[in-house]
Amino acid sequence: MDLKPGSRWKSAVCDAQLVVVRPPKTPGELQCGGAAVVPIDDPVAPSGSIDAAFADSVAIGKRYVDEESGLEVLGAKPGKGSLAFNGAAMTIKGAKPLPASD
Amino acid sequence: MRTSLLLDIAADACPDRAALGCGDDAFDFNSYRARARCVAAWLAGQGKANTAFLGMNGTALPVLFFACGMAGTPFVPLNYRLSDGELNKLVARSAPSILIVDDDMLPRIAAAAGVELIARSDFEAEFMAGPTPDTHEPPEAENDIAVLLFTSGTTGDPKAAVLRHANLTSYVMASVEFLGADEDEATLVSVPAYHIAGISAILTAAYGGRRIVYLPAFTAEDWVATAAAEGITHAMVVPTMLDRILDVMAATGETLPALRALSYGGGKMPETVIVRALAMLPHVAFVNAYGLTETSSTISLLGADDHRAAFASDDPIIRRRIASVGQPLPSIELEIRRDDGTPCGTGEHGEIHVRGEQVSGEYLHKKAIAEDGWFATNDAGWIDEGGYLFVEGRLDDVIVRGGENISPGEIEDLLRSFDDIADCAVLGIPCERWGEKVVAVIVSRSGAPDTAAMATAIRERLRSTKTPEAWFVRDELPYNETGKLLRRILKAELAEAVCAD
Chain A
1 MDLKPGSRWK SAVCDAQLVV VRPPKTPGEL QCGGAAVVPI DDPVAPSGSI DAAFADSVAI
61 GKRYVDEESG LEVLGAKPGK GSLAFNGAAM TIKGAKPLPA SD
Chain B
103 MRTSLLLDIA ADACPDRAAL GCGDDAFDFN SYRARARCVA AWLAGQGKAN TAFLGMNGTA
163 LPVLFFACGM AGTPFVPLNY RLSDGELNKL VARSAPSILI VDDDMLPRIA AAAGVELIAR
223 SDFEAEFMAG PTPDTHEPPE AENDIAVLLF TSGTTGDPKA AVLRHANLTS YVMASVEFLG
283 ADEDEATLVS VPAYHIAGIS AILTAAYGGR RIVYLPAFTA EDWVATAAAE GITHAMVVPT
343 MLDRILDVMA ATGETLPALR ALSYGGGKMP ETVIVRALAM LPHVAFVNAY GLTETSSTIS
403 LLGADDHRAA FASDDPIIRR RIASVGQPLP SIELEIRRDD GTPCGTGEHG EIHVRGEQVS
463 GEYLHKKAIA EDGWFATNDA GWIDEGGYLF VEGRLDDVIV RGGENISPGE IEDLLRSFDD
523 IADCAVLGIP CERWGEKVVA VIVSRSGAPD TAAMATAIRE RLRSTKTPEA WFVRDELPYN
583 ETGKLLRRIL KAELAEAVCA D
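For the record, the sequence lines run as chains A and B.
Residue numbering for the first sequence follows my numbering, starting at 1 and increasing by one per position.
Residue numbering for the second sequence follows my numbering, starting at 103 and increasing by one per position.
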C-alpha cells in the first residue's frame with residue numbers, strides 16, 4: 001500500500017473516501033472500519049461488516065492522524081467506519097479553522 | 103499532491119453545489135471539473151510547455167487554471183497593465199506556449215516564436231458554452247510546476263516566481279477546511295489573475311466549497327452593486343479598493359448585510375481606512391493577510407477578534423495592533439533577523455524570514471531559499487510582545503502604489519536621460535489613498551528644471567501610475583561612505599512634506 005501524499009482511497013466496508021495528506025514514516029496498512037482500504041478507482045462496491053471496534057465514523061473535512069508514523073489523512077467523503085493504521089486507531093487532528101484570507 | 107486533486111474531491115463530494123458565476127448561468131462543481139478536464143485534454147494535445155493567459159477575470163480563468171494543473175503545463179498569467187513593450191517581452195519568455203488572450207487585447211501582442219495565440223472568445227465558445235460535457239479522468243501529469251508568476255523585479259526585468267503544486271496544495275490544506283463553506287457562501291474576486299491572491303482565491307474557494315463571483319476588473323461601483331445583488335459573503339481587496347468601496351457605500355447608503363468576511367492585503371492599509379471600515383461594517387469579520395508571491399499567498403494574518411479588540415482598546419500596545427498583520431499561520435515558521443543573520447529580540451527591527459511547505463522561494467532557474475528551507479522575504483518588520491507581526495515594507499525600496507509594485511530604478515533611469523538631471527531618486531512616500539505615492543527628488547544642473555516635461559515623458563514611456571506626483575529639487579542627495587544612496591533618510595525627510603492626502 002503506497003500511501004503517498006495526494007493518493008486517494010476508499011473504505012472496503014463503508015462509504016468513506018480518503019486522501020493522504022502526509023505519508024507514514026514507516027510502511028503499513030491504512031484501515032477503515034477494521035478492513036484495509038482500497039484504491040479509489042477500485043470497481044468493487046463496499047461490502048462486509050464494520051468491526052465494532054472501528055465504528056466511530058469518518059467525517060468529511062476532518063483530518064485524522066497517527067502520531068507514531070506521522071500519517072495524516074483527510075476525510076473526503078463520510079462513512080460509518082473509523083480509521084486505523086496497522087490496527088492503531090487514528091485520532092482527529094484538532095486544528096482551529098483559520099479565517100478566509102483570499 | 104496536485105492542485106487538481108482539490109477540485110476533484112470537491113466535485114466528488116458535492117457535484118451539484120454552485121461553484122462559479124451567477125444565477126442560472128452558474129457552473130456547479132461537476133460542470134467546473136468536466137470543463138477543466140476537456141480543456142486539459144486539449145492542452146495536452148497541443149504539446150506546448152506552458153499555458154499563458156492575458157485577460158480580465160471571469161469563469162474561464164479558474165477552469166483554465168485547473169486544466170493546466172491536470173495537463174501539466176504551468177499556468178502563466180500576464181499583467182495587462184504593462185506597457186506593450188514590457189508585455190511582449192513576457193509573452194516571448196512564456197514560449198513555447200499557448201496564450202489565451204482577451205479579444206480586445208489581441209492587437210497588443212506581437213508575433214513571438216513558439217507562442218500560439220487563442221482568442222478568448224474562441225476558447226469560451228469551445229469550452230465554456232453548452233451543456234456539461236462527458237469526460238473522464240485525465241492521466242496524471244508529470245510537471246510539478248503549477249504556476250509561473252512574473253513579479254516586478256527590483257533591478258529591471260521581472261522574475262518568474264515558481265510555485266509548485268506541492269507549495270500551493272500545502273498552503274490550501276493547512277489554511278482552509280475542506281468544504282468548510284456553507285452552501286450559500288460566495289466570494290467576490292476582483293484581484294487579477296497575475297496577482298498571487300487571484301491564484302490562491304481559485305484554490306481556496308474550490309477546496310472550501312465556496313462559489314466564486316468575478317468582477318472583470320475592479321471599480322468600486324461594480325463591486326458594491328455585485329456584492330449586494332449576489333449576496334456576497336466573502337471578499338478580498340487591496341487597501342486602495344477598500345477606501346473607494348467605503349466611499350460608494352457612504353454615497354449610496356448600501357450596507358451589504360450579507361457580507362460576513364472581508365480580507366485585505368497586498369499593501370499597507372492606512373489606519374484611518376480600516377477604522378472607518380470597522381465602523382461602517384459592524385457585522386463583518388475583517389482579516390488582514392500578509393504574504394508574498396514566493397510564499398503561495400498568506401503567511402500571517404490578523405483575524406476578526408483581534409481587529410475588534412484593537413479597535414475598542416485604549417491600551418496603546420493593543421490599539422496599534424490594528425496596523426499589524428497578526429500572527430504567522432500555525433504551519434509557518436517566522437523569524438525577524440538582523441543583517442548578520444542573528445535573530446532579533448522583541449520589538450527589534452530586521453528582515454522577515456519564513457519557512458514552511460508553502461514557501462517556494464524559487465524563481466525560474468534560480469533558487470532563492472537557503473539550504474535549511476528559510477526564505478528571506480526582503481521585507482522589513484518587527485514582532486511585538488504578544489507575537490504580532492508589523493511589516494514596514496520592502497527592504498529594497500520597491501514602491502507599492504495601490505497594490506502595484508513600482509520599481510524606482512526604471513523611472514530614475516528615464517529621468518537621468520534628461521540633460522538637466524545631475525542626480526535623482528524616486529521614492530514611495532506613505533499616502534492614505536494609494537498606500538504609497540511616487541515622488542521624485544532631483545538635482546538640476548540649470549536650477550530651473552522642467553518637471554512638467556519630465557512627467558510627460560514618464561507617462562508616455564512608462565505609464566501614468568509611475569509618474570511622480572510630487573517633485574523636490576535639492577542641491578545634492580545623501581549618500582553613505584560607500585556611495586550608496588540613503589533612501590530611507592530621504593524618505594523620512596519627505597514623508598512629512600508630502601503626507602497631505
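In case anyone wonders, no lab produced these hints; they're calculated from the structure.
One should not assume that every hint holds.
Unchecked claim - Derived CB-CB ranges, DEER-like: (1) Ala-55/A - Gly-488/B: 38 to 46 Å; (2) Ala-36/A - Glu-437/B: 41 to 49 Å; (3) Ala-360/B - Gly-70/A: 39 to 47 Å; (4) Glu-437/B - Gly-70/A: 22 to 30 Å; (5) Ala-55/A - Ala-151/B: 20 to 28 Å; (6) Ser-49/A - Lys-468/B: 41 to 49 Å; (7) Ala-599/B - Gly-70/A: 37 to 45 Å.
Stated by the list, open to error - Straight-line Cα separation of at most 16 Å, EDC-like style, residue types lysine to aspartate or glutamate; simulated pairs: (8) Lys-191/B - Asp-246/B; (9) Lys-593/B - Glu-578/B; (10) Lys-4/A - Asp-259/B; (11) Lys-96/A - Asp-206/B.
Just so it is clear, CB atoms sit at the ideal spot from N, CA and C, and this is done for glycine as well.
Evaluation of the provided hints:
1. The hint said 38 to 46 Å for the Cβ distance between Ala-55/A and Gly-488/B, and at roughly 44 Å that hint holds.
2. At roughly 43 Å, the beta-carbon separation of Ala-36/A and Glu-437/B lies within the given 41 to 49 Å, and the hint holds.
3. For the hinted restraint 39 to 47 Å between Ala-360/B and Gly-70/A, the CB-CB distance of approximately 42 Å keeps it satisfied.
4. In this structure the hint that Glu-437/B and Gly-70/A lie 22 to 30 Å apart at CB holds, the actual value being about 25 Å.
5. For Ala-55/A and Ala-151/B, the hinted distance range of 20 to 28 Å is not satisfied, since their beta carbons lie about 50 Å from each other.
6. Remark: the range hint 41 to 49 Å for Ser-49/A to Lys-468/B is contradicted by a beta-carbon distance near 57 Å.
7. Taking 37 to 45 Å as the suggested C-beta distance range, the pair Ala-599/B and Gly-70/A does not conform, at roughly 57 Å.
8. Restraint check for Lys-191/B and Asp-246/B: the C-alpha separation of about 25 Å exceeds 16 Å, so the hint is violated.
9. Between Lys-593/B and Glu-578/B, the direct Cα distance comes to roughly 15 Å. Compliance with the 16 Å bound is thereby established for this hinted pair.
10. At roughly 39 Å between alpha-carbon atoms, Lys-4/A and Asp-259/B are farther apart than 16 Å, so this suggested pair is violated.
11. Under the criterion of a C-alpha separation no larger than 16 Å, the hint pairing Lys-96/A with Asp-206/B is inconsistent with the structure, at around 46 Å.
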